[in-house]
Amino acid sequence: MPVPYRKTPRAAETGSAAFVDVVWLEPSRTLYAGMLLMDGKGQPLEFVHNSMEAPADPLWPDDKLLPAAVAGLVHTLFDACRRDPDLIAVPAGLGSPEYCRTEIAPAIPFAQVAAEQNGMPAEWNWINAPPSPGMRAHQLAQELTRRGFLVEPFDRLRSALRIVYRDAPWHET
Amino acid sequence: MTSREGLIGPTELTPGAAHRHAFPSLRPAVPKSAALPRWSVGAAERHTIGWFDLEEHSDDQEKEDDESGEGEGATPTPLSPMADLLRRLAAILQPPPTSLYTPNGFLEWPSPLLPYQREGVATLIGRQRVLLADDMGLGKTIQAIAALRILFHQQKINSALVVCPASLLAQWHHEFVTWAPDIKSVTVAGSPSARGTLWQLPAHARLVGYETLRSDVLDLWDSPALKARWDVLILDEASRIKNRESGIAEACRRVPADRRWALTGTPLENRIEDVASILEFLGEASVASKAPADIASDLRRVQLRRRKEEVLTDLPPRREIEVALDLPAGQRAAYDQAEREGVYRLRNAQEPLTITHVLELISRLKQICNFDPATGDSAKLADIAQRMRALSDTGHRALIFSQFVDDTFGVGKVAEWLKEYRPLLFTGALSQKRRSEVIAEFKQNDMHKALILSLRAGGMGLNLQAASYIFHLDRWWNPAIEAQADARAHRLGQPFPVMVYKYTCLNTIEERIDSLLKSKRRLFAEVVNDVSLDIGAALSEQELFGLFGLGSVGRR
Chain A
1345 MPVPYRKTPR AAETGSAAFV DVVWLEPSRT LYAGMLLMDG KGQPLEFVHN SMEAPADPLW
1405 PDDKLLPAAV AGLVHTLFDA CRRDPDLIAV PAGLGSPEYC RTEIAPAIPF AQVAAEQNGM
1465 PAEWNWINAP PSPGMRAHQL AQELTRRGFL VEPFDRLRSA LRIVYRDAPW HET
Chain B
1185 MTSREGLIGP TELTPGAAHR HAFPSLRPAV PKSAALPRWS VGAAERHTIG WFDLEEHSDD
1245 QEKEDDESGE GEGATPTPLS PMADLLRRLA AILQPPPTSL YTPNGFLEWP SPLLPYQREG
1305 VATLIGRQRV LLADDMGLGK TIQAIAALRI LFHQQKINSA LVVCPASLLA QWHHEFVTWA
1365 PDIKSVTVAG SPSARGTLWQ LPAHARLVGY ETLRSDVLDL WDSPALKARW DVLILDEASR
1425 IKNRESGIAE ACRRVPADRR WALTGTPLEN RIEDVASILE FLGEASVASK APADIASDLR
1485 RVQLRRRKEE VLTDLPPRRE IEVALDLPAG QRAAYDQAER EGVYRLRNAQ EPLTITHVLE
1545 LISRLKQICN FDPATGDSAK LADIAQRMRA LSDTGHRALI FSQFVDDTFG VGKVAEWLKE
1605 YRPLLFTGAL SQKRRSEVIA EFKQNDMHKA LILSLRAGGM GLNLQAASYI FHLDRWWNPA
1665 IEAQADARAH RLGQPFPVMV YKYTCLNTIE ERIDSLLKSK RRLFAEVVND VSLDIGAALS
1725 EQELFGLFGL GSVGRR
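Chains as they are written, first to last, in this note's numbering: chain A, 1345 to 1517; chain B, 1185 to 1740.
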């Protein structure tokens, strides 16, 4: 029997942001990727994850192979995601802005999140054109900033990866 | 890997430490990866993470019902590995608890939780057993609801049962709607068949009165309250179970629950032993044989108690004024005659005298101290009416408490005296629905200058900040009970100083008892902090008989 009750307003009102990260637990060759979609209030909506074994190819050194592996892995997350996020965020350490723009290359507002450092607050560094004030992505970014959800979602995401890939050598990190 | 979608349930997990990101080498070298070989990567796995679902919860509960039997031995049904993973993911992906309290957190609160309330919520969330014994008016209900809401959102709990006095059911429901609009609460009340349905309705939280729970637990062989293990069981006004032998106390102990919270502003009303039953409810080993010092130690372990003066420095002051009145001639004559006749009957009674006989006479004399039975005259009401005129002229409103509910000596007669102030009546004789209507009417319509309440029905739990004057027409002689009544108005949200008037008639039994209790209370307070007295518990048989000079004839 359906019971009428008020659900917490979510993506429909605030839009949704996708936080993406990829973790490599050296010395293993496995990459672990996760994408956490949340609404503007920080409430999780969807979690997508994947892993892959990076091939060892004597013709290609890791510093050339891994970027491609990361991009390929991230694209599998995009493929599996059923929602249309309003923006995508990755940590600053995932790669240079140029790498992110050319290899990750989502067609929606895309930012690297720089953690708080030397007294400077965490902030969005837009890789493609920053969303204009009228766009939902702009309001969403402001809302996430106001609530302190810039860096913290990556912690949740990595914690979730630890649960999913519990046999990975997390203790070595 | 294949894509998979799952439903999320509750779990308990603490997020692990943030993991170090591991791609520093990507920064300096940015190859055009189009030139690199492509590898085959499996499809990603996807989980929908969201707000808990009532029907899902209902299914879970039925599953538990089927498989775990009843009573405290009930054990949770083991989850499949995938269901377990999904539940753990759902929990770990929720926003951190600290972000839930704050105004900017994703849970929006009708007003910010005060620092001490956040501490209280954190304590409730963090412990399985808590006696929240804050002073009345500090928002115990709000703290409990906030803690429940956060636990539900963290998906650490799926079900909660709140037990409270029937008179507070509507208020709890109202507070749920206000402070946790996303939590569905159902009040279990009405006929047995209606209750049978209400116990089964999908809901996050169920509200039930003490008497109803007693009946549904002790009288039904297949009690719905015992079928599943509750994630949280809350007793509001937990001093209701202070008599551990009572059916209510037994019923509360029998309800199986993982988390047990007891809320009361007056854990001790008379004796340290009063709290023993609450401690047992909370899961402490039987304290029946423990020394008071050991009980106090147990109490400190589970109790969180904050005083108004410690945490609400902005609360307007509460001023207590004891008003001692001479009875007018007619009322004096009626009183003297009643006391003479009463004592004569006690002295010459055919049956053995008991405390009950004395208490009956005290009660009769207190009634006459309220009103002259022949004329309806009243020294107390004359004084109250005079004060009402002044306070209503300045826009204030009043609560008037009496222990008597009849039309000759109690609230009915008070209403008659004060009818020009359009008083409303709140007594135990009203239905729950009517009680809620009366409270709402008083709060919303300031043409009603007074609310007249029976002390038993209206003395606890209600939020009546609309009034700033309180009159105790007659005395209960238990400061804990009276303070509880005063706290209806002297609480968060009260903008004015609260004036409390307590009436005593000179040269009557009221004055004698008041004087005797005051001297005893001073002595007792030196021994046990936080304990107050009432007449039945505080005065010995000898002292009670002595009130009427019956020391030598009592207890034949």
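No wet-lab data here; the hints were simulated from the structure.
Note that the structure is a prediction, hence the values are computed from the model and not measured.
Treat each hint with caution, since some may be false.
Among the chain B residues that face chain A by a calculated CB cut under 7 Å, a handful are [claimed, not checked]:
no. : residue
1   : 1231
2   : 1272
3   : 1277
4   : 1281
5   : 1282
6   : 1622
7   : 1690
Heads up, the beta-carbon is just placed ideally off N, CA and C, and yes, glycines get one too.
A quick look at each hint next to the structure:
Look at residue 1231(B): its Cβ gets to within about 5 Å of chain A, closer than 7 Å, so that hint holds up. A hinted interface residue such as residue 1272(B) counts as satisfied when its beta carbon comes closer than 7 Å to some beta carbon of chain A; here the least separation is about 5 Å, so the hint holds. The criterion of a C-beta within 7 Å of any C-beta in chain A is met by residue 1277(B), whose closest approach is roughly 4 Å, and the hint holds. For residue 1281(B), the suggested interface contact is broken, since its CB lies about 12 Å from the closest CB of chain A, more than 7 Å.
Nearest Cβ of chain A to the Cβ of residue 1282(B): about 9 Å, over the 7 Å cut. The hint is violated. For residue 1622(B), the suggested interface contact is broken, since its CB lies about 27 Å from the closest CB of chain A, more than 7 Å. A least Cβ separation of about 58 Å between residue 1690(B) and chain A goes past the 7 Å threshold, and the interface hint is therefore violated.
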